[in-house]
Structures are given as C-alpha cells and as structure tokens.
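> Here is what each chain is made of, one letter per residue.
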Amino acid sequence: GEDVEQSLFLSVREGDSSVINCTYTDSSSTYLYWYKQEPGAGLQLLTYIFSNMDMKQDQRLTVLLNKKDKHLSLRIADTQTGDSAIYFCAESISNSGYALNFGKGTSLLVTP
Amino acid sequence: DTAVSQTPKYLVTQMGNDKSIKCEQNLGHDTMYWYKQDSKKFLKIMFSYNNKELIINETVPNRFSPKSPDKAHLNLHINSLELGDSAVYFCASSQGNSPLHFGNGTRLTVT
Chain H
1 GEDVEQSLFL SVREGDSSVI NCTYTDSSST YLYWYKQEPG AGLQLLTYIF SNMDMKQDQR
61 LTVLLNKKDK HLSLRIADTQ TGDSAIYFCA ESISNSGYAL NFGKGTSLLV TP
Chain E
1 DTAVSQTPKY LVTQMGNDKS IKCEQNLGHD TMYWYKQDSK KFLKIMFSYN NKELIINETV
61 PNRFSPKSPD KAHLNLHINS LELGDSAVYF CASSQGNSPL HFGNGTRLTV T
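So the protein lines, in turn, are chains H and E. Counting in our numbering, the first sequence runs from 1 upward without gaps. Counting in our numbering, the second sequence runs from 1 upward without gaps.
Since the hints were derived computationally from the structure, they do not count as laboratory data. Worth double-checking, as some hints may not be accurate.
[Said to hold, decoys possible] Facing chain E, a subset of chain H residues (Cβ under 8 Å, in silico):
#	residue
1	Ser27
2	Thr30
3	Tyr31
4	Pro39
5	Leu45
6	Tyr48
7	Gly105
8	Leu108
9	Pro112
[Stated by the list, open to error] Away from chain E, derived, C-beta distances all over 12 Å, residues of chain H:
#	residue
10	Arg13
11	Glu14
12	Thr23
13	Leu43
14	Leu61
15	Asp78
Just so you know, even glycine gets a beta-carbon here, dropped at the ideal spot from N, CA and C.
If we strip away everything but chain E, and leave its shape as in the complex, we get:
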C-alpha cells in the first residue's frame, strides 16, 4: 500500500548513458514533483507537474526531462549522464497545497 513508489532504488551506470527513474503514486494527487538530494543532503526542486502545467527549476540541465504517461506517474529521464548527476532523486506528490508525500528515493551513481 505504498503511497509514492520509485524504481529502481539503486542505479549504477556509466557516464554518457541515458537512464530513467519511474515514479507512481496511488493517492489520487494532481501534482507530482522531482527533487534532487546531493551528497550534503541539500534538497532542490527540479520539476513540479500536473496535467496542466510543467514548472521547471531553471537550474536543471535540459538533459533532464520529466515524462508523465498519466496522472499517477511521473518518470524522470536523464540523457548523457555526468558524474555530477550522482545523487538521490526523490519523487513526491500532493493534492493542491496539501503536504508533499515523498517516495523512498533512488540513489543514482554515475561512474
């Protein structure tokens, strides 16, 4: 009965590869998010998305793209991975301005 689930939990890949992280929420929320947590535990918003609007943090490289096949899913696709992309990526969802519910994170390691 996990509310926000992400796969995979761990992802190890080489520089230059393209990878995707999947996220699904079963809460019926209308907005989903991707956050990046770096090695110092700092959390930064990357994207927020509902079926009407995508809001992108201007600091996010365009190698990162969110893809939403339906309201319950928001996947994160990353092209041409770089060493600096290594981090923990968190998916979250909310309904209106209710609190965000987070997934357990995907630890990405780029070698």
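Okay, chain H solo, but in the shape it has when bound:
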C-alpha cells in the first residue's frame, strides 16, 4: 500500500515547541493517531483525532488535521528531554479489521 510520510528526524532545544508533521494516504480513515516509542519499549498511544475534527488539544499536545491535504501534525509545547523518542503517525486501514498503517516514525531529540 501507499506510505504514510513523516520526516525522519527533528531536534529541538528544551523548552521550545516541537512540531512533527505527517501526510497520510487514506481519506476514509475514521481516526488518525500519534504513538510514542521510547528506546527498547513498546508503542504508547499519545493521542488521536476523529476525522471530522480539525484540532484536538490535550495538555502539552495539540493535534491539527487538514483533511483536504491529508496532513496531520503534532505539536508538543515546552518540550522536555523526556519527550525524546520516536513518534509515529498512523491511519486506519480500510478493509483490514481496524489495523493501522504507520508512518516511518520521527525521531525527536531534545537537547538541554
């Protein structure tokens, strides 16, 4: 299938905002997701947005959805060193039993 696209690396200074961008492929996806993976760990659901919304805010996290352009972004305010991880964007896959199609992941490095 087609690929969900993300930039592979992002480096920010502690205290700055981070913005991770994603372009997804399936316009019929009901939900779009952001997962976080710390080194050696599994995938942790960070947040998700319903496709009829254009923004969702959850504490330091803001998700923006542009359905026309199939563009999803995750903004992390006041980024901390503990936010260093890989962030995956994911879309639901049609006719797959609710499986998700993941982007290649963006490695976020937060420097002091």
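Starting from the structure of chain H, add chain E where the hints point.
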C-alpha cells in the same frame, strides 16, 4: 495488570528452526494483531484477527502463521526461520475501531 503481554521478550535462535511467540490480552478486546518492526524502526502489519476473520498482509511469507486458542490469545508461529526474520514483533489488540494497545515487543534474533 499488564494489558497486552508478550513472551518471550528476547528470542535468539538459529536459521531453520521453528519458534513461537505468545501474546495475551486481558482487555476483553475482540481483535488482535501482529506487527513487525525492522531495524529501521518501520512498522508493518502482518495479521489482524478476530474470532470471525483472519486478514493477512499479502507480503507476509506463509512460514508465518497466527494461532488463536481463544479470544484473549494470538500466538505467532514461525517455521524455518531466516536471517531476515530478525526484528521486533509487536502484538496489539483493539475493540472495534478503538485505538490499538500494544505489547512491549519480542526481539527476535536469527543467527
């Protein structure tokens, strides 16, 4: 109280062997999944399964087979292991179109 648990956490084996990875979820979810994460951290769906339907990613070799003794378990059996099978394998579960909950992964190394 782990929601999705996989065993073993690490598995080292030789080429040609047959091995299984076990997965259990205590969330009461109706669908379970297996994903493969390669050395570049790319995640690909291998299977999704509920008690009615198995959906297989067409790129998965038939040496890989999911086995589900009951709704809470989905094990992954791999025959004739190859070097290219080395990866981290993640089990996940969901209820309908709720978000997927992932296990902590099994790191398989084939020598």
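> Now tell me if each hint is right for this structure.
Verification of the hints:
1. Ser27: Cβ of Ser27(H) sits 16 Å from chain E, so the hint is violated.
2. Thr30: Cβ of Thr30(H) sits 6 Å from chain E, so the hint holds.
3. Tyr31: 7 Å, holds
4. Pro39: Result: violated, 10 Å to nearest chain E Cβ.
5. Leu45: 5 Å, holds
6. Tyr48: 6 Å, holds
7. Gly105: 5 Å, holds
8. Leu108: Given a least distance of 13 Å, the restraint on Leu108(H) is violated.
9. Pro112: Result: violated, 24 Å to nearest chain E Cβ.
10. Arg13: 24 Å, holds
11. Glu14: 24 Å, holds
12. Thr23: Answer for Thr23(H): holds, closest chain E Cβ roughly 16 Å.
13. Leu43: Check fails; 4 Å does not lie beyond 12 Å.
14. Leu61: The claim stands: Leu61(H) keeps its Cβ more than 12 Å from every Cβ of chain E (closest is about 14 Å).
15. Asp78: 25 Å, holds
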